[in-house]
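For the protein sequence lines, the chains are A and F, in the order given. Counting in the working numbering, the first sequence runs from 153 upward without gaps. Counting in the working numbering, the second sequence runs from 153 upward without gaps.
These are calculated hints, taken from the structure and not from any lab test. Keep in mind that a hint or two might mislead.
In this list, chains with the same sequence are indistinguishable; a pair is considered to hold if it fits within one copy or across any two.
Straight-line Cα separation of at most 16 Å, EDC-like style, residue types lysine to aspartate or glutamate; simulated pairs [said to hold, decoys possible]:
#1 K284 to E315
#2 K523 to E351
#3 K338 to D640
#4 K671 to D695
#5 K345 to D603
#6 K641 to E315
#7 K345 to D433
#8 K671 to E696
#9 K467 to E258
#10 K442 to E632
#11 K523 to E255
#12 K473 to D286
#13 K523 to E707
#14 K469 to D731
#15 K338 to E315
#16 K338 to D540
#17 K666 to D618
All of these numbers come straight from a predicted model, not from anything done at the bench.
Number of protein chains: 2
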Amino acid sequence: MYIEKINSPADIKGLSVNELTVLASEIRSGLMNRLSKRGGHFGPNFGFVEATIALHYVFDSPKDKIVYDVSHQSYVHKMLTGRKDAFLYDEHFNDISGYTNPEESEHDFFNVGHTSTAVSLACGLAKARDLKGDKENIIAVVGDGSLSGGEALEGLDFASELESNFIIVVNDNDMSIAENHGGLYKNLEALRKSDGKCECNLFKAMGLDYIYVDKGNDISALISAFSKVKDCDHPIAVHINTLKGKGYAPAEENKENWHWHMPFDEKTGESIYYGDGESYDSLTCEYLMKKMKADKRVVTVVAAVPTNIGFTEDKRKEAGKQFVDVGIAEEHAVAMVSGIAKNGGKPVFATHSSFFQRTYDQISQDLCINKNPATLLVNTASVYGMGDVTHLGIFDIPMMSNIPELVYLAPTNCEEYFAMLDWSIEQNKFPVAIRIPCNGVIHTNCDIETDYSDINKYKITVQGKDIAIIALGDFFNIGEALAKLITDKTGAAPTLINPRYITGIDTDMLNDLKKEHSKVVTLEDGILDGGFGEKIARFYGADEMKVYNYGLKKEFIDRYSVEEILRENHLTPEQIFEDIVG
Amino acid sequence: MYIEKINSPADIKGLSVNELTVLASEIRSGLMNRLSKRGGHFGPNFGFVEATIALHYVFDSPKDKIVYDVSHQSYVHKMLTGRKDAFLYDEHFNDISGYTNPEESEHDFFNVGHTSTAVSLACGLAKARDLKGDKENIIAVVGDGSLSGGEALEGLDFASELESNFIIVVNDNDMSIAENHGGLYKNLEALRKSDGKCECNLFKAMGLDYIYVDKGNDISALISAFSKVKDCDHPIAVHINTLKGKGYAPAEENKENWHWHMPFDEKTGESIYYGDGESYDSLTCEYLMKKMKADKRVVTVVAAVPTNIGFTEDKRKEAGKQFVDVGIAEEHAVAMVSGIAKNGGKPVFATHSSFFQRTYDQISQDLCINKNPATLLVNTASVYGMGDVTHLGIFDIPMMSNIPELVYLAPTNCEEYFAMLDWSIEQNKFPVAIRIPCNGVIHTNCDIETDYSDINKYKITVQGKDIAIIALGDFFNIGEALAKLITDKTGAAPTLINPRYITGIDTDMLNDLKKEHSKVVTLEDGILDGGFGEKIARFYGADEMKVYNYGLKKEFIDRYSVEEILRENHLTPEQIFEDIVG
């Protein structure tokens with residue numbers, strides 16, 4: 153096996169094209185070994201095997217610097233840069249993250265996971281090189297799906313201002329996570345169909361030089377193209393046509409399902425694990441489908457992650473014009489839903505908490521200053537959400553809840569979530585965001601309010617005394633457990649409050665609490681800094697009331713154990729009891 | 153005068169082209185009257201007179217809906233939609249804001265002020281129209297400068313997915329605020345030079361239909377073009393070539409200086425008022441020029457607002473390759489400076505507080521997760537900053553200070569600001585942001601630290617007792633005045649603290665304060681929600697210490713009086729004294 157002997161890119165320089173082709177096959181076996189057992193980004197890596205080999209054959213990493221967009225397609229790069237064991241040997245699976253990571257290797261320059269950043273980051277490397285008078289090649293690798301993102305388009309536009317070496321490899325597999333959306337994809341198609349020759353050319357229109365490689369999975373063609381642009385003295389786009397999922401029939405046939413895949417049986421392509429029971433993605437889809445059928449003004453908007461809220465291909469088709477995937481373009485999505493709401497539509501835009509970070513300004517300016525009644529569904533906004541450092545869902549409370557006019561809601565169970573969503577769609581006064589619960593689908597028999605227009609009114613679920621527990625959203629469960637523990641241990645039941653509103657405080661209730669309570673405990677599923685609990689601490693700042701805020705420390709955590717993180721942050725009921733009662 | 157009789161767009165429908173041309177001249181006189189006395193966006197409006205007349209002649213506002221990008225070019229629109237008095241008569245100057253504003257008129261659909269939003273907002277209006285089965289025209293007006301912004305490019309890309317009427321008027325005057333930057337401007341130039349006929353066409357590459365109007369200041373040509381696209385059944389870009397500042401020689405000659413202009417003498421074009429004394433824009437420029445000359449790795453980056461930090465055209469030329477204007481592309485700027493820092497450069501990126509809102513995700517992901525030592529200079533971050541609701545500088549503390557790894561500094565005087573900036577440029581451990589003071593250039597004779605690497609260490613400037621005042625950045629002045637008042641009235645001097653670091657708390661010092669203090673007062677120049685003071689309140693939550701947080705209420709304020717806002721928020725020393733001592 154060649155792969156066994158590859159410890160750095162230098163080890164592939166002497167191989168012939170035939171040998172590199174065998175290596176490609178061995179690499180696919182390595183990918184298969186890891187991905188069938190561990191899951192991960194399948195299609196992007198299977199499609200980019202030859203290109204990665206050719207890049208490392210032609211360029212001299214790490215002197216030459218390759219920056220991968222999203223870097224979900226960097227598995228092959230990892231195999232060629234000293235990290236093959238993490239694919240070949242099960243006991244080394246944990247050696248690596250799913251994205252480029254400078255802590256793993258000098259061949260990785262950035263820890264990334266969001267889309268559309270590579271061109272801009274690489275522009276920075278190139279600019280610094282030029283300031284220092286160095287001469288290495290700087291290469292940005294960006295997928296076609298990422299091109300619709302504002303940051304990538306800003307970067308493409310700026311790149312042509314560099315008057316020096318800069319190579320943008322556009323890995324065009326004619327797919328985003330799902331199908332692409334946006335007019336530029338018609339141009340990419342025209343370029344593919346004309347062998348790169350059609351006059352109208354997005355990259356040239358952005359001021360870039362351009363070459364096309366139709367055989368993007370042919371090592372020889374790629375080596376030839378990359379050799380041509382190596383050491384070139386100006387910015388150039390190398391547009392390569394690759395097949396997503398190349399080399400594994402199920403992935404070539406169903407590109408969307410195999411963009412990222414759970415562990416599976418290699419022979420059949422069937423997933424090994426199936427989620428059973430209810431999930432908020434399919435429940436949300438079901439609810440929205442019903443709502444859209446009943447009211448043609450309701451429209452569901454996503455940004456390239458449709459199944460995030462259950463909109464599989466069949467559901468998207470069924471929803472027709474009432475479903476919009478804007479592609480990777482979250483900024484556009486938020487501004488557009490503001491416009492839809494302004495003109496009498498009832499829009500719901502859903503994406504991950506971490507991807508809403510792209511839209512701070514649009515939430516503030518386009519939506520909230522204009523007070524348009526659009527609904528934002530914030531997914532995986534929780535310590536129970538995605539565990540990669542680039543996809544954390546623990547920052548949206550400080551980011552979003554301090555924007556004026558926004559009503560940010562934290563439901564504590566399934567019935568409350570859908571009641572809030574229904575209210576939000578039907579009301580026409582407030583921009584509303586809702587944190588989709590992330591700690592399992594919990595049902596309740598209690599009465600749930602249907603009207604949330606009396607903003608910032610908290611709900612007392614158990615009236616007790618001495619201690620009041622204000623437990624927000626997903627952490628209401630911890631509040632309940634803590635209340636039970638206090639009752640069991642002290643014989644006195646504390647008051648338990650579901651605040652529901654993240655964006656403000658219920659001053660009447662907080663004042664009332666002073667009468668029979670001496671301690672207030674807050675619980676929130678996110679970092680404490682800039683969050684919910686601090687607002688309560690400020691309110692009681694000059695009072696006798698003792699306030700204890702519980703949540704997460706402000707830090708970037710990576711591939712963590714939820715249990716450990718909760719314990720480290722003193723978030724078990726036992727720890728809290730110890731802190732506050734002793 | 154025709155303009156006297158124009159109370160709505162209906163009043164121009166019956167006029168001939170000759171009469172409309174006279175009207176254009178009267179409109180320019182009206183603009184001149186207001187702008188020479190009040191200041192405002194000069195060039196954009198003088199260049200867009202004919203196009204606005206033609207738009208309202210051809211389309212039926214408000215049924216047909218025109219959305220202006222930034223909307224700084226909407227003055228003529230305001231004159232034609234019932235608000236002419238605000239230009240013709242000095243006593244009505246205060247009737248209007250400088251941007252479109254739905255509270256002023258049914259012809260305005262959004263309150264905007266940031267760039268690059270019109271296409272996306274208008275896409276939303278169009279989508280809602282289609283859902284409802286309505287038929288009106290939707291028109292987005294966007295300047296060439298705004299096209300480099302990610303949100304605009306996302307919008308352009310998405311627009312072609314609308315299968316219905318959608319008109320994008322591209323007002324191309326070959327200028328941003330300063331000159332344009334980015335490769336797409338080479339394409340706009342090629343289009344202008346070929347009368348719109350060159351095959352490589354950015355708009356077509358984005359999937360849009362396209363027509364070109366070379367005479368963008370000719371009412372007849374514009375009416376003809378807009379009539380052609382009225383009621384069209386698909387998205388189309390109407391690219392019009394206009395002259396920025398048209399009709400006033402000084403503005404035509406010096407487009408950058410006349411983008412926005414202070415009040416001036418119409419005859420000479422000379423400003424009536426001159427800022428005298430020191431200002432942080434020129435001081436910052438002076439410092440950076442010196443720094444760049446001494447070290448070729450230092451690079452100053454701006455996003456279309458170079459004079460914001462004093463980089464007038466001559467300074468930009470002098471700085472050469474060490475000065476980069478990325479155009480309106482803040483996301484790209486933050487990612488790029490991260491890349492520059494990664495590869496050994498020393499980048500400083502400056503823009504307004506309000507425009508940093510575009511970069512939350514890039515600060516978090518591209519910069520802070522990667523811990524690259526770039527410097528961000530946050531300008532007009534203050535209640536003393538810009539007063540339009542779309543340009544407020546009172547939200548950056550909650551937005552930025554809760555991002556892990558970022559060190560956000562608040563200097564209290566000139567010497568401290570430049571000491572912090574110098575430290576930030578030379579250190580290589582932290583991403584750093586600095587809030588440029590905004591309350592005048594205050595000098596100090598006190599010793600200033602040169603090393604800020606001992607993160608989150610506050611500085612006691614006066615050791616007193618009972619009351620500790622922690623006064624951040626621009627509000628340190630209020631803290632000093634309060635300290636004096638307390639001393640005068642009670643005879644006991646309070647402790648006065650300059651915290652310097654916004655992003656964390658000095659737990660040692662805060663614990664120490666417990667010994668001889670019973671009250672802590674915090675002061676910050678921004679909203680309280682999610683801000684600095686709440687972190688102190690949380691720290692003392694379960695202690696005996698009484699904490700009083702002073703800052704602004706979370707709300708969008710518009711064209712406010714600073715004095716009134718301070719009083720409303722109980723921010724005068726007298727009010728605070730009354731609150732805490734009584």
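Hints, one by one, checked against the model:
1. K284 to E315: Answer is within; shortest intra-copy Cα gap is 14 Å, inter-copy 50 Å.
2. K523 to E351: Classified as neither: same-chain Cα gap 44 Å, cross-chain 42 Å, threshold 16 Å.
3. K338 to D640: So K338 and D640 fail the 16 Å test inside a copy (65 Å) and across (74 Å) alike.
4. K671 to D695: For K671 and D695, both the intra-copy (11 Å) and inter-copy (11 Å) Cα distances are at most 16 Å.
5. K345 to D603: Classified as neither; 54 Å inside a copy, 59 Å across copies.
6. K641 to E315: neither (72 Å within a copy, 65 Å between copies)
7. K345 to D433: Result: close neither inside a copy nor across copies, 37 Å intra and 52 Å inter.
8. K671 to E696: both (9 Å within a copy, 13 Å between copies)
9. K467 to E258: neither (44 Å within a copy, 38 Å between copies)
10. K442 to E632: This pair counts as neither: shortest intra-copy Cα distance 33 Å, inter-copy 61 Å.
11. K523 to E255: So K523 and E255 pass the 16 Å test across copies only (12 Å; inside, 44 Å).
12. K473 to D286: between (52 Å within a copy, 14 Å between copies)
13. K523 to E707: Between copies, since 12 Å is at most 16 Å while 32 Å is not.
14. K469 to D731: neither (53 Å within a copy, 61 Å between copies)
15. K338 to E315: For K338 and E315, only the inter-copy Cα distance (14 Å) is at most 16 Å; the intra-copy one is 29 Å.
16. K338 to D540: Answer is neither; intra-copy 33 Å and inter-copy 40 Å both fail.
17. K666 to D618: Classified as within; 9 Å inside a copy, 25 Å across copies.
The structure fails hints 2, 3, 5, 6, 7, 9, 10, 14 and 16 (numbered hints given earlier, in ascending order).
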